[in-house]
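Visitor: Line by line, the protein sequences are chains A and B. What the first sequence shows, in full-length UniProt numbering, is residues 1 to 369, in sequence order. What the second sequence shows, in full-length UniProt numbering, is residues 1 to 528, in sequence order.
If you're looking for bench data, these hints aren't it; they were derived computationally from the structure. Please note: incorrect hints may appear among the correct ones.
Pairs of lysine-lysine, DSBU-like flavour, derived with a Cα cap of 35 Å [unchecked claim]:
| hint | chain 1 | residue 1 | chain 2 | residue 2 |
| --- | --- | --- | --- | --- |
| 1 | B | Lys209 | A | Lys115 |
| 2 | A | Lys120 | B | Lys255 |
| 3 | B | Lys317 | A | Lys120 |
| 4 | B | Lys354 | A | Lys120 |
| 5 | A | Lys116 | B | Lys379 |
| 6 | A | Lys115 | B | Lys355 |
| 7 | B | Lys354 | A | Lys311 |
| 8 | A | Lys311 | B | Lys317 |
| 9 | A | Lys122 | B | Lys354 |
| 10 | A | Lys120 | A | Lys213 |
| 11 | B | Lys354 | A | Lys116 |
| 12 | B | Lys317 | A | Lys122 |
| 13 | B | Lys355 | A | Lys311 |
| 14 | A | Lys122 | B | Lys355 |
| 15 | A | Lys116 | B | Lys355 |
| 16 | A | Lys311 | B | Lys255 |
| 17 | A | Lys166 | A | Lys120 |
| 18 | B | Lys317 | A | Lys115 |
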Amino acid sequence: MEPDAAQNPNPSPVPPPISAYYQTRAEHHAVVSSDWLAHAAAAAAASPGADAAAAADAAAAPPPSPGGAGGVIEEFNFWRRKPEAAEAVAAIMALAAVIRSSRATTMMELEIELKKASDKLKSWDATSISLSAACDLFMRFVTRTSHLEHEKFDAAKSRLIERGEKFGEISLKARKTIAMLSQDFIYDGCTMLVHGYSRVVLEVLKLAASNRKLFRVLCTEGRPDRTGLRMSNALAALGIPVKVLIDSAVAYSMDEVDMVFVGADGVVESGGIINMMGTYQIALVAHSMNKPVYVAAESYKFARLYPLDQKDMTPAHRPIDFGVPVPTGVEVETSARDYTPPQYLTLLLTDLGVLTPSVVSDELIQLYL
Amino acid sequence: YLQHFAVTYIVVLRNTSNCKVPVWGKRLLTQGSMIVGVYCVEPNKRDLIETKNEGDPTSVPQKPKLSKAERRAIQEAQRAAKAAAKEAGLKSTAKESDVNTKISKQPKAGKASLKKDVTQVNPPVASDKKTDECPPDKDRKKDLPQPRMQFDDVHRVVKAKKRSVVNQSEAQNRVELFRHLPQYAHGTQLPDLESKFFQPDLMHPSVYKVGLQYLSGDISGGNARCIAMLLAFREAINDYSTPAEKILSRDLTAKISSYVSFLIECRPLSISMGNAIRFLKNRITKLPLALSESEAKASLQSDIDRFISEKIIVAGKVIVSHAVTKIRDDDVLLTYGSPSVVEMIFDHAHELGKKFRVVVVDSRPNLEGQGLLRRLVAKGISCTYTHINAVSYIMHEATRVFLGASSVLSNGTVYSRVGTASVAMVAHAFGVPVLMCCEAYKFHERVQLDSICFNELGDPDAISRVPRGESLSNLKNWAENENLHILNLKYDITPSDYVSMLITDYGMLPPTSVPVIVREYRREHVWI
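All chains should be built: construct the whole structure from the sequences, respecting the hints.
Guide: See below:
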């Protein structure tokens, strides 16, 4: 990756800023070298072992301290490095830490302080949808929860901290709920296509396998991070028949697929999803072949965004390794994500229940208005 | 016509299955059956109706049937109490046998007493529908809006005329399918009304003025009409004093109702105005009795001011602030007609220094787009002007389509200036996102499937006349030819499939969220 970054002849004078969110994802879920697979195979243990090792690495590494950024971002980065923790959890942990260290004496002061911190977090990485959604959500909780106003300040404060610390559990519980709800959709003998590495989808498949369902999984390669390889490795360790295909073979293999399962980086107001690059085309192919597309996403990924088309989002770039140097004078599309409009999605499996895409907006209205 | 029968038929079926939802279902039911009523009174289509009604009992669930019978029983009982014994006897026979209905009701229709009218040719089931249309008045009136006047119903039209202030004369050569909508000969009544201006005790002068402005077309556009009406009412309330031995809340409501019916005679209400009137009446009935007259008046006036500023003006600003986030540099924005909110959006985006181009699509006969074009060009925005005929040609240049709406209905259908649907459909075909801008106070819980049931007819002459084209006046004396019908529809509906996004004061929403807004915020709108 590094040599490529150096050799990549980017025609634009300023290379686009790299999305921190996708950088983290790549660090956590990507297979960047063949050594990794060898290690994983040698370890014989399933991916949890590898994850634990990675977690240990991450914990050992001191949290980076970007010069101007304050404590909240350091805190956030510390939590973000843990592979099992979702980005939203990291954000809420960081906000909870703000409350803990706050010297505010009234609810209003605390609110203002929190608002500042969350704005800082959001602007630090504008490309991460779950970060901003989680910040909004936590702020909602602080401003909207009516019983907070009638309590003593200290009690309210500790309640908020407690809530923040519980969020990690809530996130894990959400995944469990989704896995449980999705079992009805997986039937014996089905073939499903998954794209990229999604912790929720993995949880779904794990539960299905432990329920002794017989099914087959096709994993896309998930370029450029090859996240699909990690996914297939995890699935193979669970004893699920799995086949890896290159991203361009999706249409070729679609006729043997019974359903498509994807995760989401964010679920937007229209009911569409923003997810790793390639999701849109898979959804399009599946739609045109009348295969259902299921999205597994926790409800804290619902965001008040409404992209009209692919370019109507904050651009999120990431370096792409082509293996060989890119010829000079050639531009490279480096966007890390795409937007799948709701008409190509069949159902959203969330911890709020199984929803049609149009319900997302209803939930958001009830949450935020 | 068969197709349209199918449509109304679906409406009826849907509504009967909705019957469990109390107000909703009933309201829809009356609407649905009204529509059926429209077609039923056409004598030459009797056979069609009969074939349709054959299918009815099988598909309509049992429950509404029962309730219908019950309702009928209540009606009969009420009437029996009211009317003479002889009449009551007649009606009980009517209840017993369907064949007798015809005979028993004919003399009654001749008397033109309680029922509005019963057409002689109606088959039995259709007369059943009729009872639906004119429900037992007393207990229903409160929770139901008055069924809309059906203008092909001769008796009712005659009756309404007696009450009316405006002497509208009916137009000739009306288009068959749209006979249920009011259609007047244009431009005949204005001098007459002007002369009436100084007659005392007719109408409050400010209301009268607004009415005349509607009539002459000086005020148009949903927001402008609504604001003008509210301001007129505000003035009327200011000058109002409660007559002796009357209660303000009762008398003022009646007064407002009479104003409203005057305004309807001038021009049918827009949905936004309907919502505003509903709000005002609600405020009047909810006034605490302890309030003195001057306090009550002041409170109503401040309510009106608040409605105008919060629901219309601030809402517009919020919409603008949302919409400009969707305008990028080098965009080509297409709009149709001259929606006021969209103009504000363009202005604001221009002030923010965004570089974009505007395509103004316009259509005959109003050519409102020219005004928009003039104002935009004056501000230095680069514009292209074209007529709707060329929309498929120009659409590939556009990157966003901004449209205004007169109302958004519960199923996400957008009710808007005629031509909007075509523009939205063309944009959809070209994959250009369509952004509908509409304040939430214009949302309505009604569902509409076609643009026929509720619409407004404009002046047919406006279409037949070609500006500065003496050589093109082929349709000069069209009214003399009874085979020629000219239709000038004012509104059409855009199905929600063709709308990418709805921009309202509650943010940017998919059209599927309209019922949520209507459900969650109706209370707030009406400030119950």
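Visitor: For each hint given before, does the structure comply? Return the numbers of the non-compliant ones in rising order.
Guide: Per hint list: 1, 2, 5, 10, 16 violated.
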